[in-house]
Amino acid sequence: MAHPTPSAPNEGEPQPGKPNIPTAPDLELIEMSRLKAYPFLAGCSEIVLKKLQPHLKEQRYEAGATILQLGGYSDAAYYVASGVVGVRLTPVNLRREAAAAEVAAAPRSWADRLQEIFNRTPAEQAVQQAAKPGRTAGGETLMLTDLPIDLRANEEVLLEAGEVFGEMSALSRYPISADVVARTEVLCLLIRTAGLRLMFKQKELAGFKKMIDDRYRARTLSTHLRNVSLFANLDERAITSLRQTAELLSFEPGKQIVEQGTPADAFYLVRGGFVKVAVKTGEANAAVTYLRKGDYAGEIALLLGEPWPFSLFALEHVEVVRLPRAEFQAVLAQHPEMQAMLWAATVERLKARGTVAREPLTSRYLQMAMDTGLIHGESVLLIDLSTCTRCDDCVRACAETHGNVPRFIREGNKFRTWSITTSCYQCTDPVCMIGCPTGAITRPLGTLEVTINKDTCIGCHNCVKRCPWGNIIEVPYSSPALNRQIDLATKCDLCLGRPAGPACVQMCPHGSTVRISFKDMVAVSQTLS
Amino acid sequence: MEKGVFRPKRRDWFRAFLIASVASIVVYAVWAWWTPWTPGRVGGLTFGTLAALLFVVDALYPFRRRWNAWPFGTVQRWLQFHVYGGALACLSVLIHVGFRLPNGLFGWWLLLLTLWVTVSGLAGVYLQKRIPMVLANNLEVEAIYDRIPELTARLQTEADTLLAGTPDLLQRFYSTTTRPMLASLAPSWSYLVDFRAERERRLAPFKEVVTYLAEADRLRLADLQGIVTEKFELDVQYSLQRILKVWVPLHAAPAMILMGLLVVHIVAVLLF
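Going line by line, the protein sequences match chains A and B.
For the first sequence, our numbering begins at 23 and goes up steadily by one.
For the second sequence, our numbering begins at 1008 and goes up steadily by one.
Honestly, I wouldn't trust all of these hints.
Here are the in silico distance ranges between beta carbons for each label pair [what the hints assert, rightly or not]:
id: 1; chain 1: B; residue 1: P1256; chain 2: A; residue 2: K436; range: 54 to 62 Å
id: 2; chain 1: A; residue 1: K73; chain 2: B; residue 2: E1147; range: 55 to 63 Å
id: 3; chain 1: B; residue 1: R1154; chain 2: A; residue 2: G229; range: 56 to 64 Å
id: 4; chain 1: B; residue 1: R1154; chain 2: A; residue 2: P459; range: 28 to 36 Å
id: 5; chain 1: B; residue 1: V1064; chain 2: A; residue 2: D393; range: 40 to 48 Å
id: 6; chain 1: B; residue 1: R1014; chain 2: A; residue 2: K436; range: 22 to 30 Å
id: 7; chain 1: A; residue 1: A379; chain 2: B; residue 2: N1145; range: 49 to 57 Å
id: 8; chain 1: A; residue 1: A87; chain 2: B; residue 2: N1144; range: 51 to 59 Å
id: 9; chain 1: A; residue 1: K73; chain 2: B; residue 2: T1218; range: 51 to 59 Å
Worth flagging that the hints you see were computed from the coordinates, not collected in a lab.
Yeah, the Cβ is synthetic: ideal placement off N, Cα and C, and Gly gets one too.
Isolated chain A (complex conformation):
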């Protein structure tokens, strides 16, 4: 297949529903004739291709260039148009301490060591608890393969023209599962996330969706199921049985996934996106909690055979795995140990419902978090304005910890008596990491903190523009590596390497600063209500 010269790289991509992300007015569209030259698009009508056009981009890579990096995030699936790419799985150290050690590599004085011993404060514990990934059985970052091959550590496999990779990261924001490097000169067609979703809806491209779904079912679903604590100990036969009957469903933002009171006929596992769990309170649907990738719902239905005790709504584009009740119960009958876990999950869910029933205000906080996007945050910095004396000690402490440049701004949106500061939320899906040209912004695997390496940041503003909440700040910096002045992107790194945890929390004289994940309803209830 002949491919003309690729279009120029664009600076920013439109992301509907996300504030503060600029569109790319200068995006060069690929000509229709060229699009039709791609085999999987050949059968598409002009109308469909026109819809897809803004979401497709051709990108050429020199031999040796890194296309995707292990642990990174991507907003596009890659179709190899020509050339050969090598996929290599490098074993990584997933421990948080390793990342912290990197930051705190400087020799420590006796005072530092003393401090470490005496500074085991609640703040530190809170952060360490928050830092637990907790979303996977192994307590590690869940990485699902989105490559058309099975990999072993240190083994390199080559992909040729016609192969697709990276769609899992694009659709569900899982970290890239391997390093992908161009082995020859390579031309890729990048299909942006919005384009992928659009393609899945087109009847003419049903084959493409089926190919992606089949691949997920065949290569990834087992891993995904095994990484859900509930299924972690299932034998291969049971996993295969679940895998075969699983339905893969997608929901648009706002769509209802299940309705409270209707017969509960399935178990739902969230692949990607955020799902609101709500109970009917009068005419409204009061938020009880939310589900994110790796979370599941439907256990009450499986155990008791009762109707859905709550409704599920897609808060954004959501991908779920639906496991029909009958098949699930067959597996449950063979694995009674699963029942205990389901009961535990049921109790947790009922507790959350109870919290909302007792303290309806909790639901308002949760709803606010859903409306404003705070649910994306794993560690959101809030300030209780009813106790804060505006002394700015939090900002000062932050600045002192980071070379006299504070990593957050105390100003921000206000909700009731709480200020939502302009500070990195440490998002579950850090979209700021997508497309960093030098890989300066990273989240070490298994950790919570997204950090920016000032030695490799070139001040291109990519992450600043991508952060949907405007929480990455630029500061003038004289880069020794580049030998020029740049606008260095800086952001909160939770004081990685500081034994007592984030300075802003530890140094507040009035205990007004808190770091919170809205996933933890008990903490939300205790802290904010």
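Could you slot chain B onto chain A? The hints should help.
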């Protein structure tokens, strides 16, 4: 009165303080009943030493606040000790002198400074609890103190732009009644007591002028009222935050003098 101003933030600390205070008074009462009490005898010296130690640890609090890498607990814990330890130190001083008035000038200075530092400290606790509650519960606007003048200036520019090209009546109303309100910050100490009356006063002219305006101009007037309200809230923010800032030297400067006199007092006791 804002709810919870007098409720201790940490009940465990408050309980410990009460127990220590009651115990100190009981020890003093029994001791003073049993044997004559003077500052120089064992009982008086014990409480004097306790007061001096508490003062010294209390005086370390500002250093803990500034020193990010200081070990031994959070700043909040240090503040709790600063407050309750300071109050206990004052009580210890009173017990030290046997609840009697001092004889010499130096003794008066020490006692008066102790009382001033303690009372101003407790006033600080009150202000630091009341003002944040007032700001958080009654105002929509939240602003960083140093940025308030800049934000105020911006509001005036915004109002000028909004009112450009409007009918004469609205222009006159703006230039004579509203613009002066927006011209500069108008802080007032009285906002600590009440600011609702002043808000009513500032917004009252809007109710009068609205009846004379066409529908389209009423929308502009509503926007202008929003700007005036925002400016007023910035005035309140500035006024109340300023009180918190002014309070610090009123407490800290005498405390430093007290520490100096305390050293002289201890040296004098040891030497003579």
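Here is what the structure says about each hint:
The supplied range of 54 to 62 Å is broken by P1256/B and K436/A, whose beta-carbon atoms lie about 30 Å from each other. In this structure, K73/A and E1147/B break the distance hint of 55 to 63 Å, their C-beta atoms being roughly 43 Å apart. Separated by about 58 Å at the C-beta atoms, R1154/B and G229/A satisfy the suggested range of 56 to 64 Å. About 34 Å separates the C-beta atoms of R1154/B and P459/A, a value consistent with the hinted range of 28 to 36 Å.
V1064/B and D393/A have their C-beta atoms about 47 Å apart, which keeps the hinted 40 to 48 Å range intact. Separation of R1014/B from K436/A is about 24 Å and conforms to the stated range, judged on CB atoms against 22 to 30 Å. At roughly 30 Å, the beta-carbon separation of A379/A and N1145/B lies outside the given 49 to 57 Å, and the hint is violated. One distance hint, 51 to 59 Å for the beta-carbon pair A87/A and N1144/B, holds here, with the actual separation near 57 Å.
Taken as a hint, the range 51 to 59 Å holds for the pair K73/A and T1218/B, whose Cβ atoms sit roughly 54 Å apart.
The structure shown violates the earlier hints numbered 1, 2, 7.
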